[in-house]
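Asker: So you can see what is in the structure, the chains are spelled out below.
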Amino acid sequence: MKKRIMTKKQNKTFLLKSCGVVFVIFLLVSAISSVYTRSEYLKIHIDVVKKNTEILNRYVVESLTDYAAFPWLIDRWTTNRKTTGRFVSAEQATGWVDQSDLTRITADQIEAREECDKDAFTYICYSRIATGFDQTYVAFRPKAIFCVATVDGVPLCLFCGDEYSNDREHSPNLHEAADQIDQSALDEIYSSLSPDCVTRRGDLDGTGGEHMAFYTPILENGRVLCVIVCVKDLGEVVEDINESALKIAVVNVLMLFALTLLVMAFLFRRQKEKLDLAAQREKTQAEMEIAAKIQADQMPDPARELTSQKEFDVAGFIKPAKEVGGDFFDCFMIDGAHIALAVADVSDKGIPAALFMMLTKTLIKNELLQGHSPAEALNAVNRQLTEQNAEGMFVTVWLAVVDLLTGECDVVNAGHEDPLVRKSDGEWEFLQYHHHLALGITPKTVYQGHRRILNKGDSVFVFTDGVTEEMNAARERYGNDRLRDVLNSCAGADAASLVRAVKDDVTAFFADVEQFDDITMLCFRYFGSDSFTAAARNDSLGAVNEFILSRAERFGASKQERNEIRLSVEEIFGNIVDYAYEDADGVVEIDIDTDDPRGMFSVTFRDAGAPFDPTAVGAPKLTSDTGQRQVGGLGIYLAKQMTDEIVYEYRDGKNVLTMRKRIAQTRS
Amino acid sequence: MLNMKKTVDGGTLTYYLEGDLDRVTASDFESDIFACLADVKELIVDLEKLEYISSAGLRSFVKLQKQMDKQGEMRLVGVQKGVYDIFALGGFTDYLNIESL
Chain A
52 MKKRIMTKKQ NKTFLLKSCG VVFVIFLLVS AISSVYTRSE YLKIHIDVVK KNTEILNRYV
112 VESLTDYAAF PWLIDRWTTN RKTTGRFVSA EQATGWVDQS DLTRITADQI EAREECDKDA
172 FTYICYSRIA TGFDQTYVAF RPKAIFCVAT VDGVPLCLFC GDEYSNDREH SPNLHEAADQ
232 IDQSALDEIY SSLSPDCVTR RGDLDGTGGE HMAFYTPILE NGRVLCVIVC VKDLGEVVED
292 INESALKIAV VNVLMLFALT LLVMAFLFRR QKEKLDLAAQ REKTQAEMEI AAKIQADQMP
352 DPARELTSQK EFDVAGFIKP AKEVGGDFFD CFMIDGAHIA LAVADVSDKG IPAALFMMLT
412 KTLIKNELLQ GHSPAEALNA VNRQLTEQNA EGMFVTVWLA VVDLLTGECD VVNAGHEDPL
472 VRKSDGEWEF LQYHHHLALG ITPKTVYQGH RRILNKGDSV FVFTDGVTEE MNAARERYGN
532 DRLRDVLNSC AGADAASLVR AVKDDVTAFF ADVEQFDDIT MLCFRYFGSD SFTAAARNDS
592 LGAVNEFILS RAERFGASKQ ERNEIRLSVE EIFGNIVDYA YEDADGVVEI DIDTDDPRGM
652 FSVTFRDAGA PFDPTAVGAP KLTSDTGQRQ VGGLGIYLAK QMTDEIVYEY RDGKNVLTMR
712 KRIAQTRS
Chain B
187 MLNMKKTVDG GTLTYYLEGD LDRVTASDFE SDIFACLADV KELIVDLEKL EYISSAGLRS
247 FVKLQKQMDK QGEMRLVGVQ KGVYDIFALG GFTDYLNIES L
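If you're matching them up, the sequences are chains A and B in order.
Here the first sequence stands for residues 52 to 719, numbered as in the numbering used here.
Here the second sequence stands for residues 187 to 287, numbered as in the numbering used here.
Since the hints were made in silico from the structure, they are not lab data.
Fair warning: this is a prediction, and the values are worked out from it, not measured in the lab.
For glycine and all other residues, C-beta sits at the position ideal for the given N, C-alpha and C.
Treat the hints with care, as some may be off.
If you anchor each label on the Cβ, the simulated ranges turn out as follows [claimed, not checked]: (1) B:Q257 to A:A586: 33 to 43 Å; (2) A:K344 to B:S213: 55 to 65 Å; (3) B:G268 to A:P662: 40 to 50 Å.
In isolation and in its complexed conformation, chain A is listed as follows (with noise of 0.2 Å):
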């Protein structure tokens, strides 16, 4: 079953759009991933500026706490800022204190001293304690660090950290910070009473930009004294984070997408060579098909090509074990009295065999239709296969030409299986002679034909060992016996019905295997010529009376009795050539006939020139002046007495002139 393979755009539509979602996949996961990251990052971020401005105010928290009088201090100021309106007055700080421990001094120590001493202490500690939120802002920089005590439910900034130190009190910072307090924390501090920092996140000035806050308090007997509040611009930080966060998105789409391309790309290229394999695949199919065909449009068709039937019967069969095979047979005429009949094997399947062989089949044919005869053929086509066969292929040949008026039968053999023969009404046997070396094996071999008669109603069985050789599913080879069984099964059938024959045995016998060798088979039945036309001109003499004379050996005629056939035949043979026709066109068909009841020899002559009657002539006068006989009765004369009878007729519109003998000892 064939798996749906796409079409190459089909392919790639699809896997751009593959391309696509995977994409979008890989961006949402990006994105999602980098607000994930970026939260984080803020996060660990806040956590440090948390955890360090927690440090600070804790510093500062201790810084202050640090006056043992601080809680008097706080009263002090606040109450200051109620009455007058400042928590300091540089005017009355008029009193002394020792300034070298300003931190040991207790409350109550200092409230055992003077107004004025104590007005001294309250403005030399604000003083003090301002000076450290400055440095404290500096140092630190953050938006802004203050103090914030409540005084009848509204918060009052008492301290606020500035680069600038003139006048504290009126200092624009003091305001801003007031701005910036968030009510709901100090709520929340006055009532957990909590030392803990509590922490506040916005616009907390409402510039737009993004703060963090952190109340932190001083708590004295479970009361609060103040909050000191640091702020922190988180707005440039957040910026950098964001910054970051896009960038790893961007970096990692980026990234992703790559890697994307690359499975996709290399999907792609896989499926393209899927696609170019299959597309290869089915192209050599398709070439292995023409091939095929081209092979077999090669191998002839006897029964199209050879139309002169009268004397033979020839039918070929050839199935190869591949699409294409190195087997062969060829059956073609020479010329017109001579039929070449080959069968060859290659050693080797598929397509070098088949190269092999197309090459052989046309190196032979080529030879024969030169004129050679077979042993020459072979003996040069061995010489040109062995010149270039680096692969060392060779090829069994079986080749034959036979003479159609004679039935003789000029074969050889190379290393090819012997062939069964079959003589008229007999049975089929094998016919064992000489082999010589298949060809292609080496220049050396020298091959010979030998001389076969082929009678009225011989026939020859050839084939390949494809057919014997091979093994079925039970280990049994087909065999030369069980060949010969089949053929003589069906002994007298015309040459298609018998290679049928063997074909269907031998697809029966090898049902259940796949065929591993080329299958070929080629039968060749002889019928005899008794035909046999010539033109009427002395030059056909020689082949007439090779026609005629062979015929007559065979039929049992001695030869002295030959020789009298053949004066005969010369001189009516003759007599026409000399005066049928006018012009050197004419020819003389000449038919045999060796089925005479009579058991007589016939030779017919008929010709188309004016009519004329040889045997009217009367004979020659013998004792008369021998130098002025009538010529043309001489010949006719001796052609009377050499024979039995010669009849003559005009039919037809032809001269029909008969001449029988008989035969003294005859041969079936």
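Based on these hints, arrange chain B on the given structure of chain A.
Answerer: Relative to chain A, chain B alone:
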């Protein structure tokens, strides 16, 4: 097929024929032998190896005889039986000097 050989001894030409004398070979025979007849007084045609003769061959000998009648004489020697019978059938055994084998 016809093979022709000759030997000359003075005015005697001995001509050897081997093979078949039919209408095809007869014309070759005639051309060959007539070209050698100048100054020949005695023509001996040795037919020991002649296997076959037809009316064309007989006619050749008639022509030869006619020519030799003007120059001298002609004898056919060593004629095989089968060939002799043909000469006889044609009635030439009187007209020609034939010595059978």
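Asker: Does each hint fit the structure? Answer for all of them.
Answerer: Tested hints:
In this structure the supplied range 33 to 43 Å holds for Q257 (chain B) paired with A586 (chain A), their Cβ-Cβ distance being about 39 Å. Judged by the Cβ atoms, the range 55 to 65 Å given for K344 (chain A) and S213 (chain B) holds: they are separated by roughly 57 Å. For G268 (chain B) paired with P662 (chain A), a C-beta distance near 34 Å fails the hint of 40 to 50 Å.
When held up to the earlier numbered hints, the structure conflicts with hint 3 and nothing else.
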